[in-house]
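Protein chains: 2
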Amino acid sequence: MNIDFTYQNPTTIYFGKNAIDNLSSELNNYGDTIMLAYGKGAIKKIGLYDQVISILEKNGKNIVELSGIMANPTYEKVMEGAKLVRENNVDLILAIGGGSVIDCAKAISVSAYCEGDAWTRYWIQYEPVDNKIVPVASILTLAGTGSEMNGGSVITNEEVKLKNGRVFPANVNPVFSILNPEYTFSLPTYQMVSGIFDMMSHLMEAYFSGEDDVTSDYLIEGLLRSIIHSAKIAVGNPTDYEARSNLMWSSTLAMNPIMGLSKTQDWEVHMIEHQLGAYTDCAHGMGLAAVSLPYYRFIYKYGLDKFVRFATQVWNVDTTGKSKDEVALEGIDAMEQFIKECGIVTNIKELGATEEMLPLIANSTVILGGYKVLTADEILAILKVAYTA
Amino acid sequence: MNIDFTYQNPTTIYFGKNAIDNLSSELNNYGDTIMLAYGKGAIKKIGLYDQVISILEKNGKNIVELSGIMANPTYEKVMEGAKLVRENNVDLILAIGGGSVIDCAKAISVSAYCEGDAWTRYWIQYEPVDNKIVPVASILTLAGTGSEMNGGSVITNEEVKLKNGRVFPANVNPVFSILNPEYTFSLPTYQMVSGIFDMMSHLMEAYFSGEDDVTSDYLIEGLLRSIIHSAKIAVGNPTDYEARSNLMWSSTLAMNPIMGLSKTQDWEVHMIEHQLGAYTDCAHGMGLAAVSLPYYRFIYKYGLDKFVRFATQVWNVDTTGKSKDEVALEGIDAMEQFIKECGIVTNIKELGATEEMLPLIANSTVILGGYKVLTADEILAILKVAYTA
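Line order of the protein sequences matches chains W and D.
So the first sequence is residues 83 to 471, counted in my numbering.
So the second sequence is residues 83 to 471, counted in my numbering.
Treat the hints as calculated values from the structure; they're not laboratory data.
A couple of the hints might just be wrong.
You can't tell identical chains apart in this list, so a pair holds if it fits in one copy or across any two.
[Stated by the list, open to error] Straight line, CA to CA, 30 Å or less: simulated DSBU-like cross-link-like pairs of lysine-lysine:
id, residue 1, residue 2
1, 99, 388
2, 454, 99
3, 404, 99
4, 314, 388
5, 406, 143
Work the whole structure out from these sequences, hints included.
In structure tokens, the structure reads:
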């Protein structure tokens, strides 16, 4: 672990079937005005909305509502929430939903009292937050992004067609998060498997980079194995509590700084997907899977030993009588087979991309890179493979 | 993950060669009087004592010293520190050393303002702490216990020959911990390998219990693999920074609630070792290793599938043509071979035990149990195997 690091994570996690029982006592720590932030009403169907409203009312809270937060939350929506926060003097933003809702809540938290344009300052110039931050808490209903226990916030600016993300310092993390795996039972399979690939991608972005020999690599392998194991069960039986709970907790860990400490990390797959998402509004995990396969087949030779390790430690590929290249590619093949078994879409045409979009996506993608720093032309070539997959 | 849990860990970790650079800015968050708590002077030999004194003086702090904290810190020492804290109105206890020093600092923290006898209230009756807690911070010089990022505090009461431990809630955790792997370079090999088995034992205590299918089990397997890998390098070359840094961070994680969430856990090996330690004052990790081998060989059949998984996932045991019992026992054999390669002592006679002590240890051991709840006679039988190993 040659790269020095600071690790801090103050989020309190309440996990399990009775996790909501902790909401009342947590509410005592904050002021009277709570903003409920949520999506398009799924939380009403599962009864969670009524339950939370009832708890807030019993605790004598004033409730402000921000509903209709979309899958790729827009900066326009952030500004709508920020205005509500200022007008009502909101003391706590309670986000109920998946990563999009929580990301949006964090964006509102840092933007409400920002002087100047928050988009430019916080998502383009990555300035430190120097204004008042409104505490965010979350009740998670969709596993995938890990936003419930990190400072990440990905926002789409539709005006300029940019989907930018950043990880804010830990004081922007949710102060507490309530994780009940049963809340994810009614989620459509499409979204469940999209979330599954999202968590796997978070781990691979950290894994395929830099030194190969740090403790974080071993943790990532373990967590990937756990996700693969539980995903197969959950795809067959979405109400298997054990599998869904493993996936929910794996998701929280997968996009948590603790899993990738002292790694340089890659994140090019996410950069390409962000632009794919900005143009197509596709499900994040589907976009990641579609990009990952051609991306890893393109870069594996630059990190050959790590891809061999990935094949053997994560996918149990037998190495007998095979070259390193064969083993590495078999590992990626095994991942492709798993992706297909889960019903994850890997063709970006199916995700809404058109041929005309491909150069626009390639040219607007941020270049980061792990084992290999790509050119825009190479990104275009990868997108073309994903388009004809 | 069928067992609901709450997870919270507010400790900030500064990790790496330059981690000490963060001490000054952290000191700003606390009052003027700092108690330095340390052991028998090893920190003076490596220059760390002078460096810390100089930083404290530059920050205008009043320094109170508590030195001579021993390997198994005594309640008497805790009382000495508690008196110093009260007399000097200490604002922060800065523990410099390994787990014993940090455990002792936490014990002083909760005991200084305790009404009544702290030993009885907090280590016998496990009462919640209802008095003022003095913040503790740490600078780690020995990897093994994980005390730098948890609420654990193991104290020996020599008067009644009891070594009792408990995990206090997260508000007793160190507020920050400074981890520079280079501080561990000058440690005698005996203590280094003792710490290595200590961290492995923490993971196995969580692993060999309850349901076999939770995310925590996969994380534990990954972390055990990392420890085994780095231990082999560190035993050959104690100043290999990469290996020592992996071991240091693995140690912090190994005894951290995050690794065993939703597991019932065992901890019988620790219970037996605590009494072995109370009678012999042996190095904790050595005692754990000596007890573990006969203990696991005795209980493996009650958790057979998990021991098979341990053998294959952690020790790469080939299963071809073997019965489950054979695979499970080969896994324990592989661990024994690793223990011997590291130079870890597995005979409790060598650790200071006498034949007369064995029934006293067995009869005073707390019975917990994972796959099998032992009787005092069974513990005695295990101790006898460890005595003639």
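The hints, checked one at a time:
1. For the identical chains of this complex, residue 99 and residue 388 are inter-copy neighbours only, at 26 Å across copies versus 39 Å inside a copy, given an alpha-carbon limit of 30 Å.
2. When the C-alpha separation of residue 454 and residue 99 is checked against a cutoff of 30 Å, the pair qualifies only between copies, where the shortest distance is 28 Å, while the shortest distance within a copy is 44 Å.
3. Taking the shortest alpha-carbon separations for residue 404 and residue 99, neither the intra-copy value of 47 Å nor the inter-copy value of 41 Å comes in at or below 30 Å.
4. Within a single copy, residue 314 and residue 388 get their C-alpha atoms as close as 25 Å, and across copies as close as 20 Å, so both meet the 30 Å cut-off.
5. In this assembly of identical chains, the alpha carbons of residue 406 and residue 143 never lie at most 30 Å apart, being 61 Å within a copy and 58 Å across copies at closest.
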